[in-house]
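> Protein chains in written order, with my numbering: chain A, 1 to 117; chain B, 1001 to 1092; chain C, 2001 to 2324.
Treat the hints as calculated values from the structure; they're not laboratory data. Just so we're clear, the structure is a prediction, and the values are computed from it rather than from any experiment. Among the clues, some could well be false.
As the list claims (entries may be wrong) - If you want the footprint, here are the derived chain B segments under chain C, 3+ residues with CB under 8 Å: (1) 1004-1016; (2) 1030-1036; (3) 1063-1072.
Just so it is clear, CB atoms sit at the ideal spot from N, CA and C, and this is done for glycine as well.
Read off the chains here:
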Amino acid sequence: MEPLIDIVSGVFVAAGAFFVLVGAIGLVRLPDLYTRIHGASVIDTAGAGLLIVGMMLQAGWSLVTLKLLFILGIFLFTLPVAGHALARAALREGLEPKLTHDRRAPAGDAPDAAEEA
Amino acid sequence: MFALAAGAIIVAMALVVGRAVRGPTVFDRALAGNSVGMLAILLLAVMGFLTGRPEFLDIGLVYGLLNLIGTLAVLRFFRRGDLAPDEPEQES
Amino acid sequence: MELLISFALFTLLGVVTVAIVSQRNLVAVVILGSIYSFLIASVMVVLDAVDVALTEASVGAGISTVLLLAGLKLTRTRDYRGQDPNVVGALLAIAVGGALVWGSLVLPPFGAPDAPIHQHVAPRYIEGAGTEIGVPNIVTAVLADYRGFDTLGETTVVFVAGMAVLLLLRRSSLQSAPPSDDEQPAMSGDLVLRVGTKLILPFILLFALYVQFHGDYGPGGGFQAGVIAASAVILLGLTLGLRRARRIAPPALAHAMIPLGVLIFAGTGVATMLLGGDFLEYAVLAHEAKEGHHLGIMLVEAGVLVTVSGTMISLFYAFVERGR
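Could you build all of it, start to finish, from the sequences and the hints given here?
Okay, structure coming up:
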């Protein structure tokens, strides 16, 4: 049983680390603030989630697992709130997202009239 | 395995710090700041497992909460101030 | 492995520092500063200084960011207008720094086991914390008990600093506008933030209490708990509006808390004197010495909590109100 838990948690941890990297690369390489928020959220949901589950498996039933659960809860709670607030504030300040097709135009306009780079 | 994860988190941190330094608008930096906080928590948790000292998790909890407050503070004071990107909003 | 991690963190710290120095946009500098705080707190954790890391994280990442931004808003600067290079100043700094480095060369090597403090002071505290005081967290034992006098001084420093800032920032009560402002806080109408804040606030306060009382057994203590509690109020003010924050944590109460904590701390010392011991000799507080130590530590940590949280909350209010 023991080695099985080790293997499974190892898989989780490795997957979590992978997603953390992917998210960070996304944060750096994606073209625009709104898509970068996406990258950050990958770190925090997939990356953190898998890592923490992997660690919880290692810790077994103990206070450590409970604290890890709390940390996960904080992650899942605060990053979406922060990202939401960020996107909202940016939009309010006028930061335009990079779109190939702006569907926000009112129904009367032709679709290509609102095309942006 | 945990060592590998720690290494990955550090690399991720380096990348995100790069965004914080470069990111043209303040929002990019605020996002990067938020993510650095999250990565620091993960790093602490992994380190706690590597060194066999899970007391680090308390610090992780504090980081998590304060991270949120710091990010919100940036946005709040931003709303009332003027927009201050380094350049006008054209992404590099 | 830990060496590698510290190495990487230090490199990142260097990068962030260079960025802070070369950035002109001050808001960016503040954010980079909070990143710096996270990084150095991580370094401290790697170096096993967990209590310090907790304090650094709470102060540097949360409170400092908020207060610095508030200061930026007050002064209305957004960019750092560079100054002419100050050659004399640079030379002076280099001279003094060089003298300090030269003076430090005669000190024992860092961490050498035969350094004087490791021969006498450190073993005394390490053993005494277990036998005399019975508190597992040696840092708390040293801070609150063995070096309690120092901590009283630090608390007084926080008190003085808070008073000074308040004196500078507060308008007289004749001038202060009645709090009819902030009918719509900056994030009003933002349901996600409002609900989220309402959900998370009780946990933050509970966590502050946990850190306070758990400080005997794990990292924590009055200072960290005070900052976390103040952060809860700041979060309240940021998202739900100042009016609400003022109702829940009235500024008058926060102002009163600043000296109250010092009073609690010093009062404990006076109480021990009245009971026949020396100033801050906790052993006389209870019929058994260890009990007395526990009680004394709890009281003074409470004093620190009250002063620190009162100061942080008052500073927040003062900065934000001044900006109206």
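> For which of the previously enumerated hints does the structure constitute a violation, in increasing order of number?
The structure breaks none of the hints.
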